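Undergrad: From first to last, the protein sequence lines stand for chains A and B. Everything in the first sequence is counted per full-length UniProt numbering, starting at 1 for the first residue and increasing by one. Everything in the second sequence is counted per full-length UniProt numbering, starting at 1 for the first residue and increasing by one.
In case anyone wonders, no lab produced these hints; they're calculated from the structure. This structure is a prediction, so every number in the text was calculated from the model and none was measured. Here a beta-carbon is modelled for each residue, glycine too, at the ideal position from N, C-alpha and C. Just to be clear, a hint being listed does not mean it is correct.
As the list claims (entries may be wrong) - Label-pair restraints from in silico Cβ distances: (1) V15/B <-> E75/A: 52 to 58 Å; (2) E178/B <-> R135/A: 16 to 22 Å; (3) L233/A <-> G48/B: 54 to 60 Å; (4) E178/B <-> W241/A: 55 to 61 Å; (5) P152/B <-> D41/A: 37 to 43 Å.
Number of protein chains: 2
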Amino acid sequence: MTPQAPARAYRRLSVEERRSQLLDAALGLFARRAPEEVSLDDVAEAAGVSRPLVYRYFPGGKQQLYEAALRSAAEELERCFHEPAEGPLTQRLARALDRYLAFVDEHDTGFSALLQGGSVVETSRTTAIVDRVRRAAAERVLSHLGVAEPGPRLRMTVRTWISSVEAASLIWLDEGKEPSADELRDWLVEQFMACLVTTAGRDPQTARVVRGALAVERAEGAVGGLVRRVVPLIEDAGHLW
Amino acid sequence: MTPQAPARAYRRLSVEERRSQLLDAALGLFARRAPEEVSLDDVAEAAGVSRPLVYRYFPGGKQQLYEAALRSAAEELERCFHEPAEGPLTQRLARALDRYLAFVDEHDTGFSALLQGGSVVETSRTTAIVDRVRRAAAERVLSHLGVAEPGPRLRMTVRTWISSVEAASLIWLDEGKEPSADELRDWLVEQFMACLVTTAGRDPQTARVVRGALAVERAEGAVGGLVRRVVPLIEDAGHLW
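Hey, can you work out the whole structure from these sequences and the hints?
TA: See the structure below:
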């Protein structure tokens with residue numbers, strides 16, 4: 001059953017390398033097809049190994065492999081939001097979103113299948129993994145805001161924005177990746193700043209965060225452009241002042 | 001097995017009434033517990049009928065009953081966004097959100113279980129039902145904006161806001177229904193207006209919608225308050241102008 005070359009390759013790879021190779025192959029397949037359309041034979045073929053070898057590493061079969069691939073994807077997604085705490089907030093968010101959208105672009109079908117559920121191997125554990133990514137992303141954003149103990153309004157703002165990013169990504173895939181990833185990134189950054197400023201209108205903690213963030217933004221940056229485009233619209237509605 | 005009273009009740013109810021009674025009982029149970037913790041016996045007991053009677057109406061068993069209950073909940077959720085096209089946009093959205101949040105409040109556990117997935121009876125069909133509610137809600141909001149043919153940026157704005165409403169509802173349940181539903185409603189309305197105005201900065205169609213919407217808002221209304229609270233924050237960041 002096992003062809004010569006993969007058997008040789010098997011002897012050369014360490015346990016960790018082999019595991020990682022199988023996860024990569026699985027992730028590649030889950031990225032292009034819904035989980036229920038991927039078999040262990042497909043994974044074995046994609047990795048150039050035998051089916052029994054896949055079972056040796058993942059005795060729980062497809063469910064275990066799917067969850068491990070999912071955790072590996074989750075770790076990659078979590079890393080998207082790792083960003084040095086330097087420079088204007090909007091630039092940090094833009095760089096994080098560049099990585100996030102590149103991941104969405106690369107894993108499009110798998111990303112949709114994962115987030116939209118409806119897979120036969122969907123379980124509360126996979127939901128928990130996805131939820132952990134959301135929470136980790138929210139924590140990262142909050143840390144970029146420089147807040148050690150975020151109150152409920154600030155947390156709500158950040159967490160709902162994370163879900164907007166997710167929803168926008170799914171819509172983006174749904175619409176054939178239109179507009180460009182760069183435009184989507186800029187729009188998401190602007191939406192975040194708008195939501196943050198709106199919450200600041202009612203929440204003193206968020207207002208402090210906004211003042212601090214705006215102080216280091218640049219006139220030629222994302223917020224400067226947004227202010228110059230949006231303020232005239234509001235000024236026209238003079239009866240509201 | 002069947003007690004006397006329910007059997008009498010059975011003769012009195014029409015097929016439609018009986019079906020509706022069973023759905024109400026099922027919805028009540030699914031609202032308080034995760035679907036996998038509800039049995040057909042529970043539904044029969046809650047409706048005061050025999051298990052075979054439940055099977056007569058729902059021969060597909062629990063899966064069919066769950067989907068029917070879900071569709072019934074979906075129709076109720078869709079109706080939340082039915083609202084006469086009169087008065088300021090923010091007032092219409094506030095009334096729709098009042099109904100939506102009342103539904104979330106009433107069906108809390110079932111609402112979470114449904115949207116967070118991870119149920120054993122979760123299938124692509126239930127996902128499709130939930131997705132239909134999202135799309136219907138977005139259509140309703142777009143119709144309140146008075147746009148017959150919304151472009152991609154306006155649609156993206158409305159659809160991501162719908163997902164924010166959903167995410168905020170789940171967070172609200174997660175945090176023991178804090179802050180109050182009224183405060184959450186006002187915050188969601190303000191977030192929508194902020195997101196809309198932000199998109200308007202780059203999209204001429206959305207800018208027209210915003211001008212039209214702001215023209216009928218009142219100084220003492222939601223947008224007036226938001227403008228008065230938020231503009232000072234932006235004015236303080238004079239280096240961005």
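Undergrad: If you test the structure against every hint from before, which numbers come out violated?
TA: 4
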